[in-house]
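For the protein sequence lines, the chains are A and B, in the order given.
At position 286 of the first sequence the residue is numbered 286 (our numbering), and the sequence of numbers has no breaks.
Just remember that our numbering sits 402 ahead of the position in the second sequence, which is counted from 1.
It should be emphasised that the hints constitute simulated quantities derived from the structure, not laboratory data.
For each residue, glycine too, the CB sits at the ideal point set by N, CA and C.
Be a bit skeptical, because a hint or two may be false.
In silico DSS-like links for lysine-lysine, alpha-carbon gap of 30 Å or less [claimed, not checked]:
#	chain 1	residue 1	chain 2	residue 2
1	B	K479	B	K608
2	A	K14	B	K532
3	B	K529	A	K290
4	A	K181	B	K479
5	B	K601	A	K290
6	B	K529	B	K622
7	B	K608	B	K622
Distance windows between CB atoms, simulated [claimed, not checked]:
#	chain 1	residue 1	chain 2	residue 2	range
8	A	L174	B	E466	33 to 41 Å
9	B	K532	A	N216	54 to 62 Å
10	B	W508	A	E357	29 to 37 Å
11	B	W508	A	E383	51 to 59 Å
12	A	S10	B	D540	31 to 39 Å
13	A	L205	B	K532	28 to 36 Å
14	A	T71	B	N488	37 to 45 Å
15	A	G70	B	K532	24 to 32 Å
16	B	D548	A	T71	19 to 27 Å
17	A	E383	B	D548	23 to 31 Å
18	A	E383	B	L656	49 to 57 Å
19	B	W508	A	S156	45 to 53 Å
Going by beta-carbon spacing under 10 Å, a handful of chain B positions derived as facing chain A [to be verified]:
#	residue
20	E476
21	I482
22	Q487
23	D494
24	W508
25	Q509
26	A572
27	K576
28	N588
29	T592
30	L656
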Amino acid sequence: MVNLNTNKTSIRRKRHKKIWHFLTIIIIESFIFYFFISFLALKEVNYNIILLILAAILFIILGRYKNIYGTLVESFSQHNIFSIVFIILLLLTVPFLFRENSYLLHICIMCGLYLIMALGLNIQLGSTGMVNFAFAAFFGVGAYTSALLAVNFQLSFWIGILAAIIMSAIFGLLIGLLTLKSTGFYYALVTMAFQIIFHLLVNNLKFTGGSGGISNIPFPKVGKYSFGSSLRILGVDLPYQSNFYYLILIIALFSIYIAVGLYNSRNGLIWNAIREDEIAAKCLGINVAKGKLEASAIGAVFGGIAGPIYAHYISYISPESFKFDLSVVLICMVILGGLDNILGVILGAILLTVIPEKFRVFAEYRMLFYGAIIIAVLIFRPEGFIPKRIRQYKSLAYGKGK
Amino acid sequence: MEILRTEKISINFGGLVAVKEVDFSVKEGEILGLIGPNGSGKTTFFNLITGIYKPTKGNIFFGEENIAGLSPHEITKKGIARTFQNTRLFWDLSALDNVLLGMHRWQSISWFNSMFRRNYTAQGLRKNVKEVFNLVNDFVGKELVDRMYQKVRDLSQADKKRVEICRALASRPKLLLLDEPSAGMNPEETVELMEDIKKIKKKNAKIDVIIIEHDMRVIKGITQNVVVFNYGEKIFEGTFEDASANKEVREAYLGGEI
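Bound conformation, chain A alone (with noise of 0.2 Å):
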């Protein structure tokens, strides 16, 4: 009798515990929506920097106090599934908020390309320990492989974007295959030139439009539907933007989902051990020139995805979007928000796509502020706003086994 009341109530216990998590979850998320949303809307500067100053209090504090931090990771590693819904769910109402203002839906959009591309090179930067300097080059032969078909062949841009796939897995592969003896600053200095050469080619070669670029790029179409119609959904007149932004927003999410599951893999593993130690690595049979030419390969697969996306939904591509400046930018991305770390790397992305965005009243001062947050973030967190942790395995367990 007693064991059974005991019992009881450790079973009403746990249920508390789980709508706490729940909430937990529910009012963290909402809050960081919310911040976000009202960030993008906000003109006024002096609330801008407030609010930037108040959320960086707030993760100073989360950081400090281990226990708050404790409850925040207890509730979202055991609810990953209802977290990760919630989240999903908050986003999809993005295009209603942003309604009337499509610039801002147009900087979600830029979000999400960011996102996709900064996964990517965390494959090569964060796990593997490849310092890539011509991710922009990934980028950009997505974006100029679908454009070319559809702009000269009238391809749809649904087999662009697996034409440009390939063509960036098999780009990813050759600059692999070129640069596979280099490691550490030599690596990096070699995709340096590589970057550079890609730039200097689509801007004279005559087939790629030199600097002029290719204009007059098709919109996607679904049937007979085109992606530069205005959406209708319950009754709401939403700006052709939306469209893009849920087919980005799908994308993006299949991203994270393929970056998590091969950070969790053995590939994963493999990746990290030939950035700790290529000599270990071969001595524990693990072929390092074949892990080297994978993440190659896979990195640029993500920016071939992003490529086309772009290509399609500003409808005009130039040399200039390809620049070094861009892979610059992402491997800022990268570092800032946390070498391989997926939520880090997601943080980092969304936050340097932002913050510029939002500093454009200062006009040409706009890229040194941008200096000195990355500056003063490196200062504070040196190893980016969410540094890797350890692997766990308990974690993967799904409540069994150790």
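Position chain B relative to chain A; hints supplied.
Okay, now just chain B, sitting in the frame of chain A:
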């Protein structure tokens, strides 16, 4: 039966002959000590066997196969595991991840599974994690098992060496090459290490161990035979007692008579 046999292998670095026409063999089930003064080519010899250096001349037979000139990961796949003189671990990973990576030799990896079959991959990994815990528990003991989730960088010198040996053992090798396993250990830890190496033999009688060591107590305590190197040449082969009585060996260690 000989598991490893070298035929006149040599390697030159420029004008320097680091290993010179060494004929060497290990019988199955043996623990062999490899000793010699500093710079006598012992570690270079290990690097030749594991394929990090390619021999200038000569052949290396592992079982029936000639493995000279193969790349390190191919040689490892055939069943040779090693540790390093200056402990090469994956410093930013946990001790657990280090040993897990040691299992790579006998595992197959599928891209499809790691991308889409999450539960299957996770179950496989969890099974391996349990195996790692069992291995570490058998080989070292409970204390190290509790520290498996720490970064290897933060472990003590002795634990780093132990993790490295566990990582080599996790690959289920036929031949294990230990390069100065007792470096950086205090006398008690060295005694423990000797017991641990004997345990490896007890668990798997077929495994061969070649051990480079400067601590002669270890050599005396666990090896059956020793090979002595000096200036890249093999100068002696036999039991430790004979080696310590041998005039040439004594000269190599203590210098020639004036």
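Okay, the hints, checked on the actual structure:
Restraint check: the Cα-Cα separation between K479 of chain B and K608 of chain B comes to about 18 Å, which is no more than 30 Å; the hinted pair holds. Taken as a hint, the K14 of chain A and K532 of chain B pair is honoured in the structure, with Cα atoms around 28 Å apart against an allowance of 30 Å. Taking the CA atoms of K529 of chain B and K290 of chain A, the gap is near 26 Å; set against the 30 Å cutoff, the hint holds. Between K181 of chain A and K479 of chain B, the direct Cα distance comes to roughly 22 Å. Compliance with the 30 Å bound is thereby established for this hinted pair.
For the hint pairing K601 of chain B with K290 of chain A, the CA-to-CA distance comes to about 36 Å; that exceeds 30 Å, so the pair is violated. Among the hinted pairs, K529 of chain B with K622 of chain B is inconsistent with the structure: their alpha-carbon atoms are about 38 Å apart, more than 30 Å. Taking the CA atoms of K608 of chain B and K622 of chain B, the gap is near 21 Å; set against the 30 Å cutoff, the hint holds. Take L174 of chain A and E466 of chain B: their Cβ atoms lie about 39 Å apart, and the range 33 to 41 Å holds.
Remark: the range hint 54 to 62 Å for K532 of chain B to N216 of chain A is upheld by a beta-carbon distance near 60 Å. For W508 of chain B paired with E357 of chain A, a C-beta distance near 51 Å fails the hint of 29 to 37 Å. In this structure, W508 of chain B and E383 of chain A break the distance hint of 51 to 59 Å, their C-beta atoms being roughly 34 Å apart. With their beta carbons about 37 Å apart, S10 of chain A and D540 of chain B fall inside the hinted range of 31 to 39 Å.
As the Cβ distance of L205 of chain A to K532 of chain B is approximately 57 Å, the hint placing it in 28 to 36 Å is violated. For the hinted restraint 37 to 45 Å between T71 of chain A and N488 of chain B, the CB-CB distance of approximately 43 Å keeps it satisfied. Between G70 of chain A and K532 of chain B the CB atoms are about 26 Å apart, so this pair conforms to the stated range of 24 to 32 Å. Distance hint for D548 of chain B and T71 of chain A: a CB-CB separation of about 25 Å, consistent with the stated range 19 to 27 Å.
A hinted range of 23 to 31 Å for the beta carbons of E383 of chain A and D548 of chain B is consistent with their spacing of about 26 Å. Separation of E383 of chain A from L656 of chain B is about 51 Å and conforms to the stated range, judged on CB atoms against 49 to 57 Å. At about 46 Å, the beta-carbon gap between W508 of chain B and S156 of chain A stays in the expected band of 45 to 53 Å. For E476 of chain B, the interface hint holds, since its Cβ comes within 10 Å of a Cβ in chain A; the closest pair sits about 8 Å apart.
Taken as an interface hint, I482 of chain B checks out: its beta carbon lies about 9 Å from the nearest beta carbon of chain A, inside 10 Å. Taken as an interface hint, Q487 of chain B does not check out: its beta carbon lies about 12 Å from the nearest beta carbon of chain A, beyond 10 Å. Hint on D494 of chain B holds. Least Cβ distance to chain A is approximately 6 Å, under the 10 Å limit. Because the closest C-beta pair between W508 of chain B and chain A is about 9 Å apart, less than 10 Å, the hint holds.
At about 7 Å, the closest approach between the beta carbon of Q509 of chain B and any beta carbon in chain A falls short of 10 Å, and the interface hint on this residue holds. Taking 10 Å as the C-beta cut-off, the interface hint given for A572 of chain B holds, the closest approach to chain A being about 9 Å. Checking K576 of chain B against chain A by beta carbon gives a least distance of about 13 Å; that is not within 10 Å, so the hint is violated. A hinted interface residue such as N588 of chain B counts as satisfied when its beta carbon comes closer than 10 Å to some beta carbon of chain A; here the least separation is about 25 Å, so the hint is violated.
Proximity of T592 of chain B to chain A is violated relative to the hint, the smallest CB-CB distance being about 24 Å (cut-off 10 Å). Annotation: interface hint on L656 of chain B violated; nearest CB of chain A at approximately 34 Å, more than 10 Å.
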